[in-house]
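Between the sequences and the hints, there should be enough to build the whole structure, so can you do that?
Under the working numbering, the residues of the sequence shown are numbered 22 to 239, in order.
Heads up, some of the hints might be wrong.
Pairs of lysine to any residue residues, derived as SDA-like cross-links and limited to a Cα-Cα distance of at most 25 Å, are as follows [as the list claims (entries may be wrong)]: (1) Lys199 x Gln227; (2) Lys180 x Glu164; (3) Lys129 x Val156.
Hints are computed from structural coordinates only; laboratory data are not their basis.
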Amino acid sequence: MLSTTQLNTMLTLQDGMNRKVNPQWLSANYAYLRAAMIESVEGIEHHGWKWWKAQHKDLPQLQMELVDIWHFALSSIIIQFEGDIVQSSSTIAQQLASNTSSVTFDGKDYDFTRLDILDNLQLMAGLCAANRFDVPLFIKIVEQADMNANELYRQYVGKNVLNFFRQDNGYKEGSYLKLWNGREDNEHLVEVLNALDIALPDYSDQVYQGLQQRYPSN
Numbered sequence: 022m023l024s025t026t027q028l029n030t031m032l033t034l035q036d037g038m039n040r041k042v043n044p045q046w047l048s049a050n051y052a053y054l055r056a057a058m059i060e061s062v063e064g065i066e067h068h069g070w071k072w073w074k075a076q077h078k079d080l081p082q083l084q085m086e087l088v089d090i091w092h093f094a095l096s097s098i099i100i101q102f103e104g105d106i107v108q109s110s111s112t113i114a115q116q117l118a119s120n121t122s123s124v125t126f127d128g129k130d131y132d133f134t135r136l137d138i139l140d141n142l143q144l145m146a147g148l149c150a151a152n153r154f155d156v157p158l159f160i161k162i163v164e165q166a167d168m169n170a171n172e173l174y175r176q177y178v179g180k181n182v183l184n185f186f187r188q189d190n191g192y193k194e195g196s197y198l199k200l201w202n203g204r205e206d207n208e209h210l211v212e213v214l215n216a217l218d219i220a221l222p223d224y225s226d227q228v229y230q231g232l233q234q235r236y237p238s239n
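As C-alpha cells, this is what we get:
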C-alpha cells in the first residue's frame, strides 16, 4: 500500500508540475479524467484484445500508461479538494485502507477482484468517462500489470522529476539535450532510479540531483 510519505510526495510533485504548466491550473477546468479515460483505452491496446489477430502484450508500455493515468487522477483529486494536499492524501489513504473490492457503474455492481485486467481497464475507462475515478480499482489494475505500490511510486516520481528537469533545462525553448553521451535521458533516469532507495524522505530531490550530475554542463 502507498505510504503517507509517498502519497504526499506524489501529490506535491503533481501540483508543482501543474503549476509550472499553468499557475491557475486549479480553476482552468482541464479535463483530467477525460485524459485518464483515453490512457485507459490505450492501455487496452498495449495489452492486446483483438481476437481476430495475433497480438503481443507490451507490458512496459501498459505500465507507462498506468503511470500517466495516475498523474491525471491525482490532478483530479487535488481539484476536488481545492488544492489541499493533506486532505487529498488522507482521502486516498482512506480509500486504500477500505479494502473495497467493487464499484457500481450504470446501476450494476462490479467485483473488480474477480475481473481480468482488460475488463478492469474497460471499467476504469467507463468510470472516467462518467467523471469518476476509483482508487482501489486502479491499484488492482496496477497489480494485474505486475506492479506494486512501490514500483508505481518509483516510476511516477521518475517520470515527474524528469519532466521538471527537462523544463528547467530549456525544454520549452528547444535548448534541452535529450541525448547525453549518446544515450537518451530516459536511460539515464533508469540508472538513477536503480541507484536510489525509494524510502529516502527526499527521494524526488535525490532523483533530480542524480540527473543534474549526469547532464552535460556545456
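Outcome of the hint check:
A distance of roughly 20 Å separates the Cα atoms of Lys199 and Gln227; the hinted pair therefore holds under the 25 Å criterion. For the proposed pair Lys180 and Glu164, the alpha carbon gap of about 19 Å is at most 25 Å, so the pair holds. This hinted pair checks out: Lys129 and Val156 have alpha carbons roughly 18 Å apart, not beyond 25 Å.
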